[in-house]
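Residue numbers (our numbering), protein chains in the order written: chain H, 217 to 787; chain D, 444 to 648.
Read the hints as simulated data drawn from the structure, not as lab findings. Fair warning: this is a prediction, and the values are worked out from it, not measured in the lab. Glycine residues also receive a C-beta, built at the ideal position from the N, C-alpha and C atoms. Don't take each hint at face value.
[Stated by the list, open to error] Keeping only pairs whose Cα atoms sit at most 20 Å apart, straight-line, the calculated SDA-like set for lysine to any residue is:
1) K647/D with G784/H
2) K530/D with T697/H
3) K530/D with N696/H
4) K558/D with G531/H
5) K530/D with A662/H
6) K558/D with S527/H
7) K530/D with G339/H
8) K558/D with A779/H
9) K558/D with T785/H
10) K730/H with G625/H
11) K606/D with A779/H
12) K530/D with A318/H
13) K530/D with A665/H
14) K530/D with G663/H
15) K558/D with G784/H
16) K558/D with G536/H
17) K558/D with R631/H
18) K729/H with T382/H
19) K558/D with P569/D
20) K647/D with G429/H
21) K530/D with Q314/H
22) K558/D with Q314/H
23) K647/D with E428/H
24) K729/H with T278/H
25) K730/H with R631/H
26) K647/D with N613/D
27) K530/D with S342/H
28) K237/H with G536/H
29) K530/D with T343/H
[To be verified] Covered by chain H, according to a simulated footprint, are these stretches of chain D (three or more residues, beta-carbon under 8 Å):
30) 486–499
31) 617–628
[As the list claims (entries may be wrong)] Computed from the model, here is a short list of chain H residues facing chain D with C-beta under 8 Å:
32) N218
33) Q224
34) F289
35) L427
36) P467
37) M569
38) E773
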Amino acid sequence: MNANGWIQIALFCAVVLALVKPLGWYMTRVFEGERTPLSPVLAPVEGGLYRVAGIDARHEQTWLGYGLAMLAFHLLGFVLLYAVLRLQDVLPLNPMGQAAVAPDLAFNTAASFVTNTNWQNYGGESTLSYLSQMLGLTHQNFLSAATGIALAVALIRGFSRASARTVGSFWVDLTRCTLYVLLPICFVYALFLVSQGMPQTFSPYVDATTLEGAQQTIAVGPVASQVAIKMLGTNGGGFFNANAAHPFENPTALSNFVQIVSIFALGAALTNVFGRMVGDERQGWAILAAMGTLFLAGVAVTYASEAAGSSVLNGLGLTGGNMEGKEVRFGIVASALFAVVTTAASCGAVNAMHDSFTALGGLIPLLNMQLGEIIVGGVGAGLYGMLVFVVVAIFVAGLMVGRTPEYLGKKIEAREVKMAMLAILCLPLMMLGGTALATVLPAGLAGPANAGPHGFSEILYAFTSAAANNGSAFGGLTGNTLFYNGLLAVGMLVGRFFVIVPALAIAGSLAAKKTLPASAGTFPTDSGLFVGLLVGVILIVGGLTFFPSLALGPVVEHLAGSAGQTFGTGG
Amino acid sequence: MRPAMLNQLRPALVLLVALTALTGLAYPLAVTGVAGTVFPAKAAGSLIERDGRVVGSSLIGQGFTGAGYFHGRPSATTAADPADASKTVPAPYNAANSMGSNLGPTSAALAERVKGDLDALRAESPGQPVPVDLVTTSGSGLDPDVSPEAAFFQVPRVARARKLSEEQVNELVAAQVQGRTLGLLGEPRVNVLALNLALDDLAKR
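The following block holds chain H by itself, in its conformation from the complex (with noise of 0.2 Å):
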C-alpha cells in the first residue's frame, strides 16, 4: 500500500459523491414527469412512442399491476434475445462468421442479460457476432437497467405516498429512463470511450503481421458503444472475454477511473432520488452513509491483501504485490477498487480476473455480493434491496423497544416483514442451494479449475454471483455445460423476480398506508445510531448466513497459502 493508492481511493469517492446532488435532482424531475432541459428534443419522441403503444400517460398502475408489465416485457425480451443469438448465423452483421449460439448457452446468455446478470458463460469475441451484441446485449443492457430504476422508483413511491393505491405505470418510468437518462449519456460516454482507444467498427477482426513475423488476429467491433451501457447499468457483460481487463474493452488509467465513477453514479444517485420524493434529503444520505461505511472496509481489505501478495509467490522471493491476472496500466490499487466496487454494485465487469486474486482479496467481492449487493447496489436493484434491509431493520429496532416500528411515518407491519425476510431468504437459498449441489454432483464437480479450497470458492463465487444477478466470475470455472448454464439460469432468474416482486408488493402496502406525523417516540432515521443500526443488521443477517461458506473457501485458503501449502499437481 502507497500514498497515490489512497489518494486513488479518495478520489474515487470525492468524484461520486460530488454526482449524488445533481444527477439525484436531475433523475427525480425525470421521473417525477417534469420537464427537463432535455424535454425540447425528447418530449415528442416519448409522446409519440405512447400514441403506437397505446400508452396513457397519466394512468398509474397498482403494485401488481406494474409488476405484471414488468414481467410480460421481460419475457419477450427473453425471447427476442434468446432468437437473435439462436440465428446470429443467418441474421446480417456477422463478417466472423460465428455460427449460432448452442441451446442451454443462449438460455443461459438470455436469462443473464434480461436479468441484469450479464455472466458471461459465452466468449465474447469467439462466440457472438455484431448484431448479437448490439441487437441482443446491447439492447438488453439497456432495458434491464431502466427496468431496475423503474422499481427502484415504484418501491419509493411506496414510501412519499399516502393512502395511494398506485405506485407509477411502469411504461412510463421504463421509457423515460431509457430516453432521458440512460441515452444521452451513453451517447456522450461512448464518444470519450473511442477518444480513449476503445474501438467502435463493423469491419472484420484486423490480421496483423508482428515484428517478429507472426500472425495475430486482433477482434475489434462496435465495443464503445456496449461498453457505456455496460458499466452504467451496471450490467457488466463485456464485449470481450476478459471483459474490462482487454485493453480495448478498458484502454488506459482514465477510462478505466471512468469506468469505475460510472458503475455507482447512477446507484449513488438514486438515494438522493429517494430523499427528494420522500421530502428529506437527509434520508437518502443516511442510506448512502451504511453503503459507504461497508464499501470502504471492502477497500481497505481487498487493497491492503492485494498489496501484500500472495504467500506461496513471496516465498519465491517476489515483490510488488499479487499482479497475477492484473494489468499492468491499473496495477494494484485500481484493480482492487475496481473488484470491491463491481461486487458491491451489481456491475460484475472486472478489470483484472478475480479467480487470482488473494485469498482475502477475493473473500471482499463475494461478500459483497452475498449481503446482496445493497452497497450502492445494481442501478435500481441496490437501493430496493438496501430497503428491504431497511424494513427489517426498523422491525429490530421497534422489538428492542416495544413500539410498532415506523419508517418515514409508515407503520411497518407483518405483511411488509414477511415480504422483506422473502426477499432476503430467497439469495441465500440460491446461492447456498447451488454450491451444494455442485459439490455432490460429478456434473458439478467437473467445473473448478483450481484444486482445493480454492476449487470450492469458484463454485461458491458462481452460484453468489448468478443469485446476486451480478455476473462477475472466478472464471477458471468452466461453466460453459449443460449442468452450469441450466442451474446458473435458475439462480439468475429467481435471484432477480424473488426480489423484485416482493419489494414491489412491499411498495403497494406501504403506499395504501396513512402518513403519521413524528413524535417524541418515533425512532429519527437520518441519525448515526440508524446507520449503525443498518449495518449491524446487514452483517449479522449477511454472517450468520454466509459465514460457513466463507470459511470452506477463502479462509481455509488464506490459512493453507500462510503456511505455505499448494494444491493440485504443477504445470
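Given chain H, put chain D in place with the hints provided.
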C-alpha cells in the same frame, strides 16, 4: 385477468420493438458514425502500419521471444488445438481469444510456472531482483505494457543481442516511460510494441 394481461401485451410489444431499434441499432450506429469521423484511427483499433502493412495495435500486446526485442508479460491465452478442436493449446497473445490464467493463490501449477520463469530470468541477469509483472500473466493475456522496472531489467540482454551500448538502450527505455495519468491514476508503464519499434528505428539509423 385476461383483459388485464392483454392490455399489457400491446405496450410491451411496441415498446420492446421501438426501444430495441433505438438502443440496439440507432444508438450504436450513431456512435459509430460520429466516432468514425472524430476519432477514425482510434475507432478502428489504434492500428500501427509499417511499410503499408499492419504490424499490430498500439493497445494490444504481442508475444516477443527473440533476445533482441523487449519481452512483454507472460500470456495465458489459448487457441483451439489444430489436431483436436475440442481441446485448446497455449497460444500467447491470441488477440481473438482474451483470457487470464485464472490460477488461484494456492495453485501448485501457478507456483511451478512462476518458479520456472524466475529461474530463467535470474540466470539471464544474476543478482537483479525480478520485477513481479515479468513472471505473472495479465488479466487479458494481451497486456501491451510492462512496468518501467521490467523494461530496464531487460536492457543488458537487448543491448548484447543488438550490439548496442547499455546507455543507448537505457535512454531509449527512459524516453518510452509513461507516468501516471494526471500524475495520479494507474501506474507508470512502458508500451512494449512502441519500445520495440523505437528500437528497430534506432538500428536502422
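message = Check the structure against each numbered hint from earlier and tell me which ones fail, lowest number first.
response = Violated: hints 1, 11, 17, 22, 28, 32.
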